[in-house]
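Peer 1: Starting from the given sequences, assemble the full structure and let the hints guide the process.
The lines below spell out each chain.
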Amino acid sequence: MTTEPPQTILRISKLRKFFAIRNAWNRRIGWLKAVDDISLEVYRGEILGIVGESGCGKSTLGKTLMGIHKSSGGEVVFEDQPLVNLTRQESRRLSRQLQYSYQDPGASLDPRWKIRRSLHEPLVIHSGLDYQERDERVKSILDAVGLPQGHLELYPHEISGGQQRRVGLARILTLHPSLIILDEPTSGLDVSVQATILSLFLDLKKQFDLTYMFISHDLSVIRMLCDRVAVMYLGKIVELGETETIFNHPRHPYTQSLLAAIPVIGGERITDNFWLEGEPPNPSALPSGCRFRTRCPNALAICAESDPPLRSDWPHQQVACTLAE
Amino acid sequence: METLRFLLKKLIEDRVALLGALLILLLIFTAIAAPFLATFPEDIAEFHPPNRLIAPDGTFWFGTDRMGSDIYSRILFGARITITIAIIAIGVSVIIGVPIGLIAGYYHTWFSDLLMRTSDIFLAVPQIVLAIAIAQTLGPSIENIILALSATYWPFWTRLVYAETRSIQKETFIEANIALGASPIRVMFMHVLPNISSSIIVRTTIGMGGTILTAATLGFLGLGAPPPSPEWGRMIAESREFLPEAWWYATAPGLAIFLVVMGFNLFGDGLRDILDPRIRRSVRHDD
Numbered sequence: 001m002t003t004e005p006p007q008t009i010l011r012i013s014k015l016r017k018f019f020a021i022r023n024a025w026n027r028r029i030g031w032l033k034a035v036d037d038i039s040l041e042v043y044r045g046e047i048l049g050i051v052g053e054s055g056c057g058k059s060t061l062g063k064t065l066m067g068i069h070k071s072s073g074g075e076v077v078f079e080d081q082p083l084v085n086l087t088r089q090e091s092r093r094l095s096r097q098l099q100y101s102y103q104d105p106g107a108s109l110d111p112r113w114k115i116r117r118s119l120h121e122p123l124v125i126h127s128g129l130d131y132q133e134r135d136e137r138v139k140s141i142l143d144a145v146g147l148p149q150g151h152l153e154l155y156p157h158e159i160s161g162g163q164q165r166r167v168g169l170a171r172i173l174t175l176h177p178s179l180i181i182l183d184e185p186t187s188g189l190d191v192s193v194q195a196t197i198l199s200l201f202l203d204l205k206k207q208f209d210l211t212y213m214f215i216s217h218d219l220s221v222i223r224m225l226c227d228r229v230a231v232m233y234l235g236k237i238v239e240l241g242e243t244e245t246i247f248n249h250p251r252h253p254y255t256q257s258l259l260a261a262i263p264v265i266g267g268e269r270i271t272d273n274f275w276l277e278g279e280p281p282n283p284s285a286l287p288s289g290c291r292f293r294t295r296c297p298n299a300l301a302i303c304a305e306s307d308p309p310l311r312s313d314w315p316h317q318q319v320a321c322t323l324a325e
Numbered sequence: 001m002e003t004l005r006f007l008l009k010k011l012i013e014d015r016v017a018l019l020g021a022l023l024i025l026l027l028i029f030t031a032i033a034a035p036f037l038a039t040f041p042e043d044i045a046e047f048h049p050p051n052r053l054i055a056p057d058g059t060f061w062f063g064t065d066r067m068g069s070d071i072y073s074r075i076l077f078g079a080r081i082t083i084t085i086a087i088i089a090i091g092v093s094v095i096i097g098v099p100i101g102l103i104a105g106y107y108h109t110w111f112s113d114l115l116m117r118t119s120d121i122f123l124a125v126p127q128i129v130l131a132i133a134i135a136q137t138l139g140p141s142i143e144n145i146i147l148a149l150s151a152t153y154w155p156f157w158t159r160l161v162y163a164e165t166r167s168i169q170k171e172t173f174i175e176a177n178i179a180l181g182a183s184p185i186r187v188m189f190m191h192v193l194p195n196i197s198s199s200i201i202v203r204t205t206i207g208m209g210g211t212i213l214t215a216a217t218l219g220f221l222g223l224g225a226p227p228p229s230p231e232w233g234r235m236i237a238e239s240r241e242f243l244p245e246a247w248w249y250a251t252a253p254g255l256a257i258f259l260v261v262m263g264f265n266l267f268g269d270g271l272r273d274i275l276d277p278r279i280r281r282s283v284r285h286d287d
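So the protein lines, in turn, are chains G and P. 1 is the number of the first residue of the first sequence in my numbering; add one for each residue after it. 1 is the number of the first residue of the second sequence in my numbering; add one for each residue after it.
The set of hints was computed from the structure by calculation and includes no laboratory data. Every residue, glycine too, gets a C-beta built ideally from N, C-alpha and C. Keep in mind that the hints are not guaranteed to be accurate.
Quick list of the computed label-pair ranges, beta carbon to beta carbon [what the hints assert, rightly or not]:
#, chain 1, residue 1, chain 2, residue 2, range
1, P, Ile12, G, Arg92, 46 to 54 angstroms
2, G, Arg92, P, His108, 15 to 23 angstroms
3, G, Ala195, P, Leu123, 52 to 60 angstroms
Using 25 angstroms as the maximum straight-line C-alpha spacing, the simulated PhoX-like pairs for lysine-lysine come out as follows [claimed, not checked]:
#, chain 1, residue 1, chain 2, residue 2
4, G, Lys114, G, Lys139
5, G, Lys63, P, Lys170
6, G, Lys205, P, Lys170
7, P, Lys170, G, Lys114
8, G, Lys205, G, Lys139
9, G, Lys205, G, Lys63
10, P, Lys170, G, Lys70
11, G, Lys114, P, Lys10
12, G, Lys14, G, Lys63
13, G, Lys14, G, Lys70
14, G, Lys139, G, Lys206
If you want the ones that stay clear, here's a sample from chain P, every Cβ over 12 angstroms from chain G, calculated [said to hold, decoys possible]:
#, residue
15, Tyr72
16, Ile96
17, Met116
18, Val125
19, Ile128
20, Glu143
21, Asn144
22, Phe173
23, Ile178
24, Ala179
Peer 2: So this is what it looks like as structure tokens:
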């Protein structure tokens, strides 16, 4: 990383995504707060990890940023442009710059389309290039992700899962985006394939000047790859900071328990405090005050009174816990 | 091209569907080549009272009717009417029904509900009754039969396409293409429609059989083309007063309708097995 001050590429402030919970008569009986007042900055050229349990709102955060889900409130500024309530033209122009890579990129390919046509599609939609120009771009991207040209003539089901991921990435890269949201990009892959895919991410980042938002529940991958990490719990960021700081000195009890849950062969645990117990509470009926208090071993009466905001009392680290020190 | 070869191969393996396909081909061939195959092509319009009600023999293969016209020749020309009615009525139904279903399924607004409730209203009215009302009001003619059939058949495609669109919308690749910036029209017609096309093709094939049957019913009720048009349903209606003595009079058009409808149904079932393996025809077990 350079020494000059980091440049913000994406600024999220108080972003919300609530899903209405309806009863059998379609009456709204409550809200599921999948993303609850999240504020976050992503710096150009970094890899920001978003980590948390299943159902904590990681993917919803990514999809809301992409406009796949309509946000319920808050602001997003991307490349100095507000990203909420855009007209279709504006959002089309911005969606070239901001891309989302699905958990299973193979499933993001139309099963009836050959790889070539799927890779041409983003360029057909967004650029006025003719067939020859598009094909050149497609072929150079295909080289970059390490797939043979012959794959252009195949259908998605004819290639392996790892290759489908590469095609999914290639499809996104054809538009030369500046920020890519990677949603669980390594889930469901062999460890060996994971490793090659991860190093491919790093190569592509260098080659195309990319910034990644890396959504994952795999802490070891996060630690290896990310510059900064945001830990999410039930729609909120509970801890945010530089990867090394957080992994070495987790201050939020939730982060501490997550880290304790990493099995390490032959080594001692990163933190040996305690194990996380029980299931997260129902996100449609959050506890009062701090939403982690029902599972927190340190919880005191004060925790039930108010929801703690992120505190920046430490260098390179922000923690949303009243008791953290 | 590959898909076509695959289809052909599967079709040859499936004897029943092949039989259906052959019956359909026979119908099409008959309709096209009617003037060359017919032994008395001018008998469509001409009467020969001395020849009335002759039993099938070497000259009149399927016998003659009450006007003395050759039934065999009339059946051949009747195939033209049948196929015209079926193709145009189904074509119109598909053209109206599919886009409505696609739009109603793709968007989740009050407008989708409006479209679907409208199609429900059409479905709630018994087909034959609505067709009779239309044909009765506008007068008996082939055009009105086609209009009546189109007006009553389109909701079937709407319902099918609506359901299929709703279910395929949950697939990641549809969402991914929307996220990529593809316009709704592009997603609907380039991703959704091709992926649900097999169900539409199957429904259309089976629908052809149903349409032909309904068209024959309307013809039988006297609402089709006016005489002396060789409409199969009308021919059966005419034959009633001469049964059971002139047994051949009703037999030929009856068999023609039966074979054609069976052809479309068998072929449609076979296509479903090939294109849409989710819903399989029950498989016969050898003992």
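Peer 1: Next step is simple, just say for each hint if it's right about the structure.
Peer 2: For each hint, the structure was consulted:
Between P:Ile12 and G:Arg92 the CB atoms are about 48 angstroms apart, so this pair conforms to the stated range of 46 to 54 angstroms. For the pair G:Arg92 and P:His108, the supplied restraint of 15 to 23 angstroms holds, since their beta-carbon distance comes to about 21 angstroms. Taking 52 to 60 angstroms as the suggested C-beta distance range, the pair G:Ala195 and P:Leu123 conforms, at roughly 57 angstroms. Taken as a hint, the G:Lys114 and G:Lys139 pair is honoured in the structure, with Cα atoms around 14 angstroms apart against an allowance of 25 angstroms.
Taking the CA atoms of G:Lys63 and P:Lys170, the gap is about 15 angstroms. The hint holds against a cut of 25 angstroms. Between the alpha carbons of G:Lys205 and P:Lys170 the distance comes to roughly 31 angstroms, so the proposed pair goes past 25 angstroms and is violated. A hinted pair counts as satisfied when its Cα atoms are at most 25 angstroms apart, and P:Lys170 with G:Lys114 qualifies at roughly 21 angstroms. Proposed proximity of G:Lys205 and G:Lys139 is supported: the alpha carbons are some 18 angstroms apart, at most 25 angstroms.
Only pairs whose Cα atoms come within 25 angstroms are accepted, and G:Lys205 paired with G:Lys63 is accepted, the gap being roughly 21 angstroms. Straight-line distance between C-alpha atoms of P:Lys170 and G:Lys70 comes to about 17 angstroms, which keeps the hinted pair within the 25 angstroms bound. Restraint check for G:Lys114 and P:Lys10: the C-alpha separation of about 23 angstroms stays at or below 25 angstroms, so the hint holds. For the proposed pair G:Lys14 and G:Lys63, the alpha carbon gap of about 16 angstroms is at most 25 angstroms, so the pair holds.
For the hint pairing G:Lys14 with G:Lys70, the CA-to-CA distance comes to about 14 angstroms; that is within 25 angstroms, so the pair holds. Using a Cα cut-off of 25 angstroms, the hinted pair G:Lys139 and G:Lys206 holds, with the two alpha carbons roughly 19 angstroms apart. Non-interface call for P:Tyr72 relative to chain G: holds, since the shortest CB-CB distance, roughly 46 angstroms, exceeds 12 angstroms. Chain G leaves P:Ile96 outside its interface by the beta-carbon criterion, the shortest separation being 25 angstroms against a cut-off of 12 angstroms.
For P:Met116, the non-interface assignment is confirmed: its Cβ lies about 16 angstroms from the closest Cβ of chain G, beyond the 12 angstroms cut-off. Distance check for P:Val125 against chain G: the nearest CB is about 28 angstroms away, which clears 12 angstroms, and the non-interface claim stands. Every CB of chain G lies more than 12 angstroms from the CB of P:Ile128, the least distance being 36 angstroms, so the non-interface label holds. At roughly 38 angstroms from the closest C-beta of chain G, the C-beta of P:Glu143 stays outside 12 angstroms, upholding its exclusion from the interface.
Distance check for P:Asn144 against chain G: the nearest CB is about 40 angstroms away, which clears 12 angstroms, and the non-interface claim stands. Residue-level check failed: P:Phe173 sits 5 angstroms from the nearest beta carbon of chain G, not beyond 12 angstroms. Taking the minimum C-beta to C-beta distance to chain G, about 7 angstroms, the non-interface status of P:Ile178 is violated against the 12 angstroms cut. Taking the minimum C-beta to C-beta distance to chain G, about 5 angstroms, the non-interface status of P:Ala179 is violated against the 12 angstroms cut.
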